[in-house]
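K.L.:
What follows is each chain in one-letter form.
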Amino acid sequence: MSWAEKVLQIDRRWIFLAIGIAVTVPFFLPLGLPVVVTPPVQSLYDAVEELEPGSNPLLLSIDYAPATLPELEPMAMAIMRHCFENDVNVVVMTLHPAGYGLAERALLAAAEEYGLTYGEDYVFLGFQPGTSAVILGMGINIRNVFPEDAYGAPMDDLPLMQGVRNYDDIPLVISLAGWSAAEAWIYYAYQPYRQRVGAGVTAVMATDFYPYLNAGQLEGLLGGMRGAAEYEVLIDTPDQGARGMDSQSVIHLIIIILIAVGNAAYFISRRGKTVSGVSGS
Amino acid sequence: MTFIWTTIGALLTLSIYSFLYKDNPFYKFAEHLVVGVSAGYYLVIYYFNFIHPNVFSPVFLLRIGGEPIGFGSFLWWMALIPGVLGILLYTRFFPKVAWVGRYALGVYVGGYAGLGISPVMQARVIEQLRANALSVAGEVDPFAAMTNLALGLVIFVAIVYLLLIKRNMAAKGWLARLGVLVVSAIVAYGGWLVLSLISSAGVVSLTNLLLVLGLLGTLTYFFFSMKHKGALGGLARVGIVFLMVGFGASFGYTVMSRVSLLIGRVSFLLHDWLHLID
Numbered sequence: 001m002s003w004a005e006k007v008l009q010i011d012r013r014w015i016f017l018a019i020g021i022a023v024t025v026p027f028f029l030p031l032g033l034p035v036v037v038t039p040p041v042q043s044l045y046d047a048v049e050e051l052e053p054g055s056n057p058l059l060l061s062i063d064y065a066p067a068t069l070p071e072l073e074p075m076a077m078a079i080m081r082h083c084f085e086n087d088v089n090v091v092v093m094t095l096h097p098a099g100y101g102l103a104e105r106a107l108l109a110a111a112e113e114y115g116l117t118y119g120e121d122y123v124f125l126g127f128q129p130g131t132s133a134v135i136l137g138m139g140i141n142i143r144n145v146f147p148e149d150a151y152g153a154p155m156d157d158l159p160l161m162q163g164v165r166n167y168d169d170i171p172l173v174i175s176l177a178g179w180s181a182a183e184a185w186i187y188y189a190y191q192p193y194r195q196r197v198g199a200g201v202t203a204v205m206a207t208d209f210y211p212y213l214n215a216g217q218l219e220g221l222l223g224g225m226r227g228a229a230e231y232e233v234l235i236d237t238p239d240q241g242a243r244g245m246d247s248q249s250v251i252h253l254i255i256i257i258l259i260a261v262g263n264a265a266y267f268i269s270r271r272g273k274t275v276s277g278v279s280g281s
Numbered sequence: 282m283t284f285i286w287t288t289i290g291a292l293l294t295l296s297i298y299s300f301l302y303k304d305n306p307f308y309k310f311a312e313h314l315v316v317g318v319s320a321g322y323y324l325v326i327y328y329f330n331f332i333h334p335n336v337f338s339p340v341f342l343l344r345i346g347g348e349p350i351g352f353g354s355f356l357w358w359m360a361l362i363p364g365v366l367g368i369l370l371y372t373r374f375f376p377k378v379a380w381v382g383r384y385a386l387g388v389y390v391g392g393y394a395g396l397g398i399s400p401v402m403q404a405r406v407i408e409q410l411r412a413n414a415l416s417v418a419g420e421v422d423p424f425a426a427m428t429n430l431a432l433g434l435v436i437f438v439a440i441v442y443l444l445l446i447k448r449n450m451a452a453k454g455w456l457a458r459l460g461v462l463v464v465s466a467i468v469a470y471g472g473w474l475v476l477s478l479i480s481s482a483g484v485v486s487l488t489n490l491l492l493v494l495g496l497l498g499t500l501t502y503f504f505f506s507m508k509h510k511g512a513l514g515g516l517a518r519v520g521i522v523f524l525m526v527g528f529g530a531s532f533g534y535t536v537m538s539r540v541s542l543l544i545g546r547v548s549f550l551l552h553d554w555l556h557l558i559d
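First to last, the protein sequences are chains A and B.
For the first sequence, position 126 matches number 126 in our numbering, and the numbering has no gaps at all.
For the second sequence, position 112 matches number 393 in our numbering, and the numbering has no gaps at all.
If we strip away everything but chain A, and leave its shape as in the complex, we get (with noise of 0.2 Å):
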């Protein structure tokens, strides 16, 4: 057997051993690479910096489940905290069911690290069940959609909300979205109302949502943990994000290996395959 062979007929288990490994080590020796900003990341930031201080809220849409979790934290993390930084208010709210208790404890830990006040300084809408119904509904009244907070709270009650009626009164949506309520933000939001939608998806979709961004439909995109890595290096506190960075590099490379070694070995297999029959015929 050729080492082509024997490498065609490695036990995959090995593989997963050596990702295993890759991930790993690089938590306890970190390689310190560099994360470089992309626009798509840039412009998002810039437009969550165009915010002004103590104005209307930001509203953060966190339209995501525990399997997308360590793509899709990361990214809440640190535009809440750019948020709070400048003193721009937050409304969090979700799509999905799941979403509820992973935007509650993601915006609970944000507003701690700052020591804010629930009802002046943020807000929790809770989750509401028919995607677009609810994002057409609030276009035209919030308090349609959201009569109360996700406490039961009447929204007249909280002082943040006295003054936001609808998309008028909302500078920005964000969506962070492993599903398509991200699109869905730019069908049912943008489109007729023309609200400004900023996304941050899965790595896996981001392809599906560069066409938008292209189109102007989008004011910026974080594409996975890569673009979380790239938001916490712009407010210059790496975390979740920047701390997988190293794995990823290592992991990419470890991948790209492995397929040139694999399709050297199927080649080289199929060649002597083919001498061999040449020859016994």
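Simulated from the structure, these hints should not be mistaken for lab results.
Idealized CB from N, CA, C, for every residue including glycine.
Certain hints may be false.
[As the list claims (entries may be wrong)] Some residues of chain B that are not near chain A, with every Cβ distance over 12 Å (derived):
1) ARG383
2) ALA385
3) ARG518
[Unchecked claim] Label pairs and their in silico Cβ distance ranges:
4) VAL406(B) to GLU49(A): 31 to 39 Å
5) LEU524(B) to GLY262(A): 20 to 28 Å
6) SER399(B) to ASP208(A): 17 to 25 Å
7) ASP208(A) to LEU459(B): 55 to 63 Å
8) LEU314(B) to PHE28(A): 29 to 37 Å
9) ILE256(A) to PHE337(B): 51 to 59 Å
10) ARG165(A) to PHE329(B): 23 to 31 Å
11) SER506(B) to ALA264(A): 35 to 43 Å
12) LEU542(B) to GLY163(A): 34 to 42 Å
13) PHE503(B) to ASN263(A): 26 to 34 Å
14) VAL381(B) to GLY130(A): 17 to 25 Å
15) VAL7(A) to SER399(B): 53 to 61 Å
16) SER399(B) to ARG271(A): 22 to 30 Å
17) ARG271(A) to VAL526(B): 24 to 32 Å
We have chain A; now place chain B onto it with these hints.
P.N.:
Then chain B, alone, in the frame of chain A:
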């Protein structure tokens, strides 16, 4: 208490990853637990966030958002009718009356189609057409110019390889192929220089040119009313190149996405559970 829950989460994570070695009872247990807990969680969330405030409370308690409503009022009917339509969807479990559920399904599909057609058409077709009406005169930006040049060279050489070398020079040696590639690169570079000179802005946006070329090529590839021969065939081959570039980018992003999930779990184990890293 937090440590107990974190430990349970860590053990379930390890149980799920144990499948990478081989299927085992720990994996099965964790898998079934996820399904069961998810079903229960979704049921509770949907009931208290949707069914109770939008159907049960207005119809039976005569209240919406804490405000009283009248029995038989407009708001009461607006809560009752969708509620009844929702219940009708479950008639599919009873074959003799399953047809009744089609009325509810018809309302559901019709409603969402009505809501969706206009904005989706606008976002995915009209706005994309507008975004592809591009100027070839780019901004005078050295970095952008170099990026355009590099991108243009790579794609041009790929196209030349597909159209010329693969078709006509398959029988010739690697030196001849290399020669064609080098000549193609020089032609591409020369073409870029000429376009730069004739552009009023000084630098031609090859990115824009490539974007339009890629759009036309890809659309041509999916145009099945004529045989892909001659110029049409050439343009369709260009489309294949762009599709492959797109698939490659998607694959790269997919790898990053999946690896991110693994990094998240390893970070949870090392940081939240074992406190081995900061």
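K.L.:
If a hint holds in the structure, say so; if it doesn't, say that too.
P.N.:
So, going through the hints one by one against the coordinates:
| no. | hint | result |
| --- | --- | --- |
| 1 | ARG383 | holds, 21 Å |
| 2 | ALA385 | holds, 15 Å |
| 3 | ARG518 | holds, 22 Å |
| 4 | VAL406(B) to GLU49(A): 31 to 39 Å | holds, 33 Å |
| 5 | LEU524(B) to GLY262(A): 20 to 28 Å | holds, 23 Å |
| 6 | SER399(B) to ASP208(A): 17 to 25 Å | holds, 21 Å |
| 7 | ASP208(A) to LEU459(B): 55 to 63 Å | violated, 37 Å |
| 8 | LEU314(B) to PHE28(A): 29 to 37 Å | holds, 31 Å |
| 9 | ILE256(A) to PHE337(B): 51 to 59 Å | holds, 56 Å |
| 10 | ARG165(A) to PHE329(B): 23 to 31 Å | holds, 26 Å |
| 11 | SER506(B) to ALA264(A): 35 to 43 Å | holds, 41 Å |
| 12 | LEU542(B) to GLY163(A): 34 to 42 Å | holds, 40 Å |
| 13 | PHE503(B) to ASN263(A): 26 to 34 Å | holds, 28 Å |
| 14 | VAL381(B) to GLY130(A): 17 to 25 Å | holds, 23 Å |
| 15 | VAL7(A) to SER399(B): 53 to 61 Å | holds, 54 Å |
| 16 | SER399(B) to ARG271(A): 22 to 30 Å | violated, 57 Å |
| 17 | ARG271(A) to VAL526(B): 24 to 32 Å | holds, 28 Å |
This entry does not satisfy hints 7 and 16, going by the numbered hints stated previously.
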